[in-house]
Amino acid sequence: MPMIHFHARMNLEFASGPGLLDVDFSLKTGSLIGLYGPSGSGKTTLLRILAGLTQPESGRIRVNDRFWLDTEKHINLPTQQRNVGMVFQDAALFPNMSVRQNVEFAAENRRDPRVNELLELAGLQNLADRKPVTLSGGQRQRVALARALVRRPQVLLLDEPFSALDRVTRDQLLNELLRLHRKFGTTTVLVSHQLDEIQQVTDTVLEIEQGKMQWLENKSENRRADKQSVSGIVTNIAFESSKVRIQVQLAETIIIVEQTPTALEWQIGETVKLNVDPEQFVRQSKS
Amino acid sequence: MTDFDWQPLLLTFRLATTTTLLLLLVGIPLAGWLAFTRFRLKPVIEAVVSLPLVLPPSVLGFYFLLAFSPTGFLGERLLSWFDVRLLFTFEGLVVASIFYSLPFMVHPVQAGLENLPASLREASYTLGKSRRETFFRVLLPNIKPSLLTGIVLSFAHTIGEFGLVLMIGGNLPGETRVASVAIYDEVELLHYDAANAYALLLLAVSFGILVAVYAINKRWAIF
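Here the protein sequences line up with chains A and B, keeping their order. The first sequence maps to residues 1 to 287 in UniProt numbering. The second sequence maps to residues 1 to 223 in UniProt numbering.
There could be a bad hint or two in this list.
Unchecked claim - Derived EDC-like pairs: lysine to aspartate or glutamate, alpha-carbon spacing no greater than 16 angstroms straight-line:
| # | chain 1 | residue 1 | chain 2 | residue 2 |
| --- | --- | --- | --- | --- |
| 1 | A | K212 | A | D24 |
| 2 | B | K42 | B | E114 |
| 3 | B | K129 | A | E108 |
| 4 | B | K129 | A | E104 |
| 5 | A | K212 | A | E13 |
| 6 | A | K28 | A | D203 |
As the list claims (entries may be wrong) - Here are some chain A residues pointing at chain B (derived, C-beta under 10 angstroms):
| # | residue |
| --- | --- |
| 7 | A51 |
| 8 | M86 |
| 9 | F88 |
| 10 | A92 |
| 11 | L93 |
| 12 | F94 |
| 13 | N96 |
| 14 | F105 |
| 15 | V150 |
| 16 | P153 |
| 17 | L178 |
Said to hold, decoys possible - Some chain A residues flagged as far from chain B (calculated, every beta-carbon gap over 12 angstroms):
| # | residue |
| --- | --- |
| 18 | H7 |
| 19 | G17 |
| 20 | G30 |
| 21 | S58 |
| 22 | R62 |
| 23 | N64 |
| 24 | D129 |
| 25 | R179 |
| 26 | Q210 |
| 27 | K212 |
| 28 | T235 |
None of these hints come from the bench; they were simulated from the model. The structure displayed is predicted, hence computed values, not measured ones. Glycine included, C-beta positions come from ideal geometry on N, C-alpha and C.
Whole structure, please, built from the sequences with the hints as guidance.
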């Protein structure tokens, strides 16, 4: 099984004072993990070490069979050779280039068909000739995501890319991230200081605090893999703050699912497909 | 107006243009290096670059005079190895002007680069782009106002050179007699009309350049 192994130690200035960042974990290639922790806990530093933008005092990073970093053997691949994609908190779009040029810049070849594919997948075709300064925060992060994916990175790193966005836009982008992750299967690390944001896209969460890490208890992880796809008819839609509760009539029972506002295109009477957790299905059937 | 001659003005603009073009080649890489280096002696290099801002031009001119003279450290070798003379020649003025106007090119460009968000540079690296490609395709195009300021200040500062030119160039018509020296000369000879003509032209050109810079910089502001 292809894996990514990460180990790093370095002295850092945390929000609460100086301390030691000491992190050691392994990931399955193609997985999507969340990196959660309060501000100033070392999340961004960890991501930067992975990208080669910061060098730890000691550490080792192995991606499949290739060492990106091994301080003992004096191996430290420059960022350019690590094949990572990174989405920054401020999007870091190049102001002198249009949306299309930003994405083209990342491609090996301007005529790479992947440029158009990603512009389309990220819903950016109509904005392709616009300069970043004219885009909204959500649109900028979409461009940054498309740009980061053009090179088919082995690891996609997202450094709190949605933290400055309103909740509706954030939920939309999280859904898009999940869609793109499923399509391309890129190993993805999403950093956030908001646990609910991470849990919208993954149950695999690494918590980091004061430079120390732990995997969060993950009761639903196994269930997620066993979800069943079922069809049903929407019978009611109720709005509740940031969520929408949608009642769906299945063959013999009714199920209520909570959706983010991106599901608003659903209408009463419409037949929809759902990925249902069997446990939830049973619980709802009994009620 | 009988003493008015276009040659000093043309020579001034030729000197300013040559100096500015060479400063682009020297000053931009130096500014880029200073902006991002962690070299321990960076403050020393920065101090050397900034010296012409605080030194009287005559001090700089005096040391260039010593260095360029046929018996000086540099002048002797240039003469014997390449048959090149820098004292009282246009080429000598260009070399001295490059040092004299260096901070006017380096400072705005360095400040422009340092003020760009670090994430632009880092994003380019994560996209597999080299330092050189990042510098020329991402960083420089996004500091156009700083580049323009550097170009214009270097050009204008070279036009305004006087003490340094007089020390190492003298007053050779067509070779080292630039407009500022010509004005001084005409005033000494009490040819106020000619001096006025040179001065007015320099004033008009300098003012025009500065107005254009401010107007263009306002349009280019992107952050």
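For each hint, the structure was consulted:
1. As the CA atoms of A/K212 and A/D24 are separated by approximately 9 angstroms, the hinted pair is consistent with the 16 angstroms bound.
2. Simply put, B/K42 and B/E114 have alpha-carbon atoms about 14 angstroms apart, close enough for the 16 angstroms limit, and the pair holds.
3. Our distance criterion of 16 angstroms between C-alpha atoms is met by B/K129 and A/E108, whose separation comes to about 10 angstroms.
4. Between the alpha carbons of B/K129 and A/E104 the distance comes to roughly 12 angstroms, so the proposed pair stays at or under 16 angstroms and holds.
5. Distance restraint check for A/K212 and A/E13: the Cα-Cα separation of roughly 13 angstroms lies within the 16 angstroms cut-off, and the hinted pair is therefore satisfied.
6. With a CA separation close to 14 angstroms, the supplied pair A/K28 and A/D203 stays within the 16 angstroms bound.
7. Hint status for A/A51: holds, given a least beta-carbon distance of 6 angstroms to chain B, under 10 angstroms.
8. A least Cβ separation of about 4 angstroms between A/M86 and chain B falls short of the 10 angstroms threshold, and the interface hint therefore holds.
9. Given hint, A/F88 at the interface with chain B, holds; its Cβ is 4 angstroms from that chain's nearest Cβ, closer than 10 angstroms.
10. For A/A92, the interface hint holds, the least distance from its beta-carbon to any beta-carbon of chain B being 4 angstroms, beneath 10 angstroms.
11. Interface restraint check: A/L93 against chain B, minimum CB-CB distance 8 angstroms, threshold 10 angstroms, status holds.
12. Interface hint status for A/F94: upheld, as the beta-carbon distance to the closest one in chain B is roughly 5 angstroms, under 10 angstroms.
13. For A/N96, the suggested interface contact is upheld, since its CB lies about 4 angstroms from the closest CB of chain B, less than 10 angstroms.
14. With 10 angstroms as the threshold, the beta carbon of A/F105 comes within range of chain B, its nearest partner Cβ sitting at about 7 angstroms, so the hint holds.
15. At its closest, the beta carbon of A/V150 sits 8 angstroms from a beta carbon of chain B; the interface hint therefore holds under the 10 angstroms criterion.
16. Interface restraint check for A/P153: the shortest CB-CB distance to chain B comes to about 8 angstroms, inside 10 angstroms, so the restraint holds.
17. Taking 10 angstroms as the C-beta contact cut-off toward chain B, the hint placing A/L178 at the interface is violated, the least distance being around 22 angstroms.
18. At roughly 21 angstroms, the least C-beta separation between A/H7 and chain B is larger than 12 angstroms, which holds for a residue marked as non-interface.
19. For A/G17, the requirement that its beta carbon stay farther than 12 angstroms from each beta carbon of chain B is met, with the minimum near 24 angstroms.
20. The Cβ of A/G30 sits about 20 angstroms from the closest Cβ of chain B, beyond the 12 angstroms cut-off, so the non-interface label holds.
21. Every CB of chain B lies more than 12 angstroms from the CB of A/S58, the least distance being 20 angstroms, so the non-interface label holds.
22. The beta carbon of A/R62 is kept farther than 12 angstroms from every beta carbon of chain B, the shortest such distance being approximately 19 angstroms.
23. Listed as outside the interface, A/N64 is consistent with that label: its C-beta sits roughly 18 angstroms from the nearest C-beta of chain B, beyond the 12 angstroms cut-off.
24. With a least CB separation of 17 angstroms from chain B, A/D129 remains clear of the 12 angstroms interface cut-off, as annotated.
25. Remark: the non-interface label on A/R179 is consistent with the geometry, its nearest Cβ contact in chain B lying 22 angstroms away (cut-off 12 angstroms).
26. Against chain B, the non-interface label of A/Q210 holds: every CB pair exceeds 12 angstroms, the least being about 25 angstroms.
27. Separation of A/K212 from chain B is adequate, the least Cβ-Cβ distance of about 26 angstroms exceeding the 12 angstroms criterion.
28. Residue placement check: A/T235 keeps its beta carbon more than 12 angstroms from all beta carbons of chain B (closest about 47 angstroms).
Comparing the model with each earlier hint shows a violation of hint 17 alone; every other hint is respected.
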